[in-house]
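S.K.: Chain residues, written in single-letter form:
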Amino acid sequence: MTVVIDRSAPTAAKTSPVSAAAKARGPAYVTGLYKPRQPIYPKLVHGRWRAIKWALLIATLTIYYVTPWIRWERPGTLPDQAVLVDFEGRRFYFFWIQLWPQEVYFLTGLLVLAALALFLSNALFGRLWCGYSCPQTVWTDLFIHVERLFEGDRNARMRLDAAPWSLNKAWRKIGKHAVWLGIAFGTGGAWIFYFHDAPTLIRTFWIGQGPLTGYIFCALLTFTTYVFAGFMREQVCIYMCPWPRIQGAMLDEHSLQVTYRYDRGEPRGPHKKGADWTGRGDCVDCAQCVTACPMGIDIRNGPQLECINCGLCIDACDEIMVRVGRPTGLIAFDTDAAVEARNEGRPAIYKLLRPRTVFYGVALAAVSGAMAWGFSVRTTLDLHVLRDRNPVFVRLHDGAVRNGYTLKIVNRSFEDETVIVGFEGPAGARIKTPAAASSGTSLTVVAPANEVRALRVFVTLPPQALSAPNLPASFVVRTSKAEARAQTTFLSGVANTP
Amino acid sequence: MSKRESDEVTGVETTGHEWDGIRELDNPLPRWWLWVFYASIAVAAVYWVLMPSWPGLTGYSKGILGQSDREAVVGELQALTAVRGAQAARLRTASLEEIERDPELQAYAQAVGQSVFGDNCATCHGTGGIGAKGYANLRDDVWLWGGELADIHRTIQVGVRSGGADARFSQMPAFGRDQMLTPAQVDDLTEFVVALSHRPADVAAVRRAAPVYVAQCVACHGVKGLGDQKQGAPNLTDQEWLYGSGRQAIHDQIWNGQGGVMPAWKDRFDPETLKALAVYIHANAGGR
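Which chain is which? The protein sequence lines are E and Y, in order.
Just so we're aligned, residue 1 is where the first sequence starts under this note's numbering, counting upward by one.
Just so we're aligned, residue 499 is where the second sequence starts under this note's numbering, counting upward by one.
If you're looking for bench data, these hints aren't it; they were derived computationally from the structure.
Just so you know, not all the hints are guaranteed correct.
[Stated by the list, open to error] Covered stretches of chain Y (in silico footprint by chain E; criterion: 3 or more residues with CB under 8 Å from a CB of chain E, positions within the stretch not fixed):
(1) 727–737
(2) 773–784
[What the hints assert, rightly or not] Chain Y is faced by these chain E residues, among others (derived, beta-carbon under 7 Å):
(3) T418
(4) G422
(5) F458
[Said to hold, decoys possible] Listed below are several chain Y residues computed to face chain E (Cβ distance under 7 Å; list not exhaustive):
(6) E598
(7) R599
(8) E602
(9) T625
(10) I628
(11) V640
No residue lacks a Cβ here, since even glycine has one placed at the ideal position from N, Cα and C.
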């Protein structure tokens, strides 16, 4: 929605700020960019899912903060950081793996794998990613925890926010924001360690000698962490993230997700201790599931876009169920189909194996297999051939024809390699580099460690070998350990015969 | 001043202008636009003080920042020279052969050579260096003045018929135009040259031309027509022809005795550039 500003009548603005048409549409039309945020004060719960969330929070944050500090010895002047995206050296290091920019398809494959894993987990168990491991969720959870430390739980916070400003309120608010900013800065600060040598950067950063991009990205992530986890929270999920929209296509009635079992819960209503349970549902309408929800929704309204499947309402409800002496699991990971079946008196059937999940599973296995295969046949030696295009060929004094090529010999190993370059094509071919004293059928060069050696090579074919305008050929490079081949063409300069 | 009219829909005064019943409302400028306009004026005032702006009779106001694009370019060129310094120094001291054998120096010479060649040599020899009629092909294995590194280096420095005292110089006489030979003798000689390059020719004419060739051509082109790179005399037995391989082209060359001019480059480039250029041309012609 937009605010209507009628630019045709600024002089009359005092009496008539909006057009008649806007007035007719009612006041909602002029309220603002989007619905005002209703503050959410999620209540702390205890239970199985909360415990899992704590564990995952600690695990994921530990991985995030610790990873850049893991060392991994590499030869020579190469960085000794286990995980490093080295933009300056144009390398990606991951423990024993070193990827070159040309191999970015491995990262693409990883992203495809991640997407398929997300689809599969979503089809089976709903939005587990959103509820447990999405950075937005994890950092928001952490920020809410800090908030509780300073301002107390739900009720205390609501009272504090409603109260007039006082010294007590001020120090709690200031303390909370200070810690938030500290965490946010730590988040941005840890991020940049993935792109530079961490022990070096942590020294140069403070004395103003770090790289400019380091400061920029640190500031950027400090800002986004502070704003996203501190203020925007569930709005990021509801308004910014595309995944809640996409998940609609991934879920079906057999997906396990946080579900209110209305077959058991309805009709709901308050329950006096000792009163009879017959003829009514187990839901005592205590609204503990609503107060626990970090997204501010009522799970009893059924599956909804805002629900991140975190299961905190399950813990909240179970606590009440135990207290009122009813079985737990009124809210639980369940499927729409099962709830509906029970509601209609049929036995609930759980189908984890469905065409959808089988397809995602097979696709996941296929891509993983392809990646594993690609990685297993990956060699440290590679070859690319660039044909000279100006001139495309040169005729020599005796009618022989010469083509020029630039070979890019890629040596991804950490040692200098002696490489034998061969040419496979029409008989009688002679190859040489400019510096070689004479031509031969192969040549031997040294490819420096961890570099690309550009090598000018000339191939000469005698007149009798020039049988067609285009002669298919290929270059082969061999070391004692590996071999690489690249196809190319020899242009003979012979006219096309019809 | 006439009475201002108001638009009945909006209540805004009009400018009084009307085109085909369309009247223009006299709205004030948008406030944001006005502020941007004032801000631009303020920026301009600051700019006058900081940057060169006002022309004078003998110069211009320099501005307190002392900005000068000309000096900036000079500074950048110096920085570039400093960056290249180490490589350039090695290029200066290394021999041509050493440059060609060292992969690093070779790559540097190749890059410098390609750039300089494109700016200076490509006009005649083509960007790919394959030349054209009357302009030597620098990519093949046929050389008028020698294809060794030192030969190429020297040719670039002194040029061909460039007018310098040490220039490469050769003179193919205009046998026909200057009436040194009769038209019939030139015709016969054409057949003789065709035969030299292993192509079918009129045997009688070749026989008639033999003594003429011995008398007029042997001094430069040699008994077997293999030419002489010391004199810049082309080899007549191979398949490379500077002015064309056909009978008419060969006849024209005997008749007119053309010779091209290549400038001397030694005073235009520093020694390392000349070396780089020589290595570049030599390497792209296949090297040794």
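S.K.: Check each numbered hint against the structure and report the violated ones by number, ascending.
M.R.: Hint check: 3, 4, 8 fail, others pass.
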